[in-house]
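Chains A and B supply the protein sequences, listed in that same order. The first sequence stops at residue 414 when you use this note's numbering, and every number in between is there. The second sequence stops at residue 1437 when you use this note's numbering, and every number in between is there.
Quick caveat, the hints were computed from the structure, so don't treat them as lab data. Warning: the hint list may mix true and false statements.
One side of the interface only, derived from the structure: several residues of chain A facing chain B at Cβ under 10 angstroms [said to hold, decoys possible]: (1) Ala1; (2) Met3; (3) Pro310; (4) Val318.
Computed from a predicted structure; not experimentally measured. Don't be surprised by glycine CBs; every beta carbon is placed ideally from N, CA and C.
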Amino acid sequence: MSKFVNFLENNLSAPMARLSEQRHLLAVRDGVISSLPFIIVGSFFLIFAFPPLPESWAITQWAAEHAADILIPYRMTMFIMSLYVAFGIGYNLAKSYKVDPLSGAQIAVAALLLTITPSVVEELGFVLPMQYLGGHGLFVTIIVSIISVEIFRVCKQKRITIKLPEQVPSSVSRSFEALIPVAIVIFLMTLITVVMGVNLHHLVDKIAAPLVTAGDSLFGVLVPVFLITFFWSFGIHGVSVVGSVARPLWEVYLVNNSEAAANGAATLPHIAPETFYQWFIWIGGSGATLGLVIAMLLFARSKYMKNLGKTVIVPSLFNINEPVIFGMPIVLNPLLIIPFIVTPLITATLSYFVVSFGWITPTYIMPPWTLPAPIGAYLSTGGDWRAVVLVLVNITISVLIYLPFFRLYDKKMIAMEQDDSTNTVQN
Amino acid sequence: MNVLFVCAGGMSSAIVVKALKEEGKKHGQDLHVHAIGSNEVAEEINNNWDVCMVAPQIRHRFKQINQQATEAGVPCEAIPPQAYTPMGGPLLYKTLNELVE
Chain A
-12 MSKFVNFLEN
-2 NLSAPMARLS
8 EQRHLLAVRD
18 GVISSLPFII
28 VGSFFLIFAF
38 PPLPESWAIT
48 QWAAEHAADI
58 LIPYRMTMFI
68 MSLYVAFGIG
78 YNLAKSYKVD
88 PLSGAQIAVA
98 ALLLTITPSV
108 VEELGFVLPM
118 QYLGGHGLFV
128 TIIVSIISVE
138 IFRVCKQKRI
148 TIKLPEQVPS
158 SVSRSFEALI
168 PVAIVIFLMT
178 LITVVMGVNL
188 HHLVDKIAAP
198 LVTAGDSLFG
208 VLVPVFLITF
218 FWSFGIHGVS
228 VVGSVARPLW
238 EVYLVNNSEA
248 AANGAATLPH
258 IAPETFYQWF
268 IWIGGSGATL
278 GLVIAMLLFA
288 RSKYMKNLGK
298 TVIVPSLFNI
308 NEPVIFGMPI
318 VLNPLLIIPF
328 IVTPLITATL
338 SYFVVSFGWI
348 TPTYIMPPWT
358 LPAPIGAYLS
368 TGGDWRAVVL
378 VLVNITISVL
388 IYLPFFRLYD
398 KKMIAMEQDD
408 STNTVQN
Chain B
1337 MNVLFVCAGG
1347 MSSAIVVKAL
1357 KEEGKKHGQD
1367 LHVHAIGSNE
1377 VAEEINNNWD
1387 VCMVAPQIRH
1397 RFKQINQQAT
1407 EAGVPCEAIP
1417 PQAYTPMGGP
1427 LLYKTLNELV
1437 E
């Protein structure tokens, strides 16, 4: 067994984890993550605009009348998240090349803005269509941010820059150093968008469409769910590895759902944004380990398990489960890896069908991930009480699946503890 | 002694940090421990740390973090998985002391 585990570790999980450390993936990951505070705060204005309260209440009616105004902070943050992401990717990629990060961020933003054609509206003058700066623009953002920073750093490394005499202050000379790469990027983007008249967003939307559909299918949900617990089985942070690749797609779903909700749509387009995984599947952390901890608290007989249950329950309520994963341990422990992988696959399948049947509103708001799951699920669905029921059902399922495996493990621990105590007596 | 902890987001180490501090107190040592996420290492590493310890769940990033720490002249070590629990204080303290020596 341990040979097999070592084989998997060396030939599968370790190389895949290293792959996620690739420079551009890392920059995209950190860029997207840097925009999350704006998404979290911005999305809450959707709750203020559509409060989960009876329609007859005065405050609900007031909110409905003023929804457009209440949503302005949302429109300036989450609705145009790609603008924030471009800055984040440009900054992080430039930093990884050890070239000026601020210039990298600015060049990426310029490249993104140059994919859009402003139009002239009477009374207002020039207007930028905001839709391309939202979820729809994210793939284009990733592509142009990477290309423009690559141009910037190649110019810098091959010294294709304008050098000023040494007496010039460094802040001035730095802005001159960016002159040639900025010119190249702007000419290139102008050539594509203005001269050739290509709308990159339409083009990339078409190419990405199959991916967007696949990631939102049942299979598209189960694959990342499996991979995340698979990585954790070796003690590697699964979400951090899988999220490097999948998070952009998950954020597109979230932003699209929130756009539909803000427009008052009756049904939301996507089932599986990141919030779907967070609140319905990863209850208590990756592997839905809250169920295991509850089983531990209720049924543990060995001293170690009793103690561990008491110390890990509080972090588990807030979805922090490294103490469970390394404390049990689940890592490299076949007996517990089985329910650790199986439980989320089952609750994910159930949740997927429940949401796709329209029994629960799809998630479209992003509460901070450290909230207890019932609260997070309630807020994330814009205040759908049925989401709380699903969370409770999923917790029950996970307790039931973990319980028999836990009891076996607990018995082993009792046997070990008895061995230990008889040994100490003899010694 | 100033100890820098690195994990995925700086959240989970906070629990282990507490265990290490308590173990330090038992040995009469006042430890200053701070937990950060792996993307903050570059900014934080030069702020006067005596040692840098990397959580087991991001060991695929250890090489990169180790390099940053070494460049800054800070000894760096991976935390053994068995030590990364609320009850892992003693083992963690031992690992720390071996690293300092």
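Consistency of the hints with the structure:
| no. | hint | in the structure |
| --- | --- | --- |
| 1 | Ala1 | holds, 7 angstroms |
| 2 | Met3 | holds, 9 angstroms |
| 3 | Pro310 | holds, 5 angstroms |
| 4 | Val318 | holds, 6 angstroms |
In summary, the structure agrees with every hint in the numbered list given earlier.
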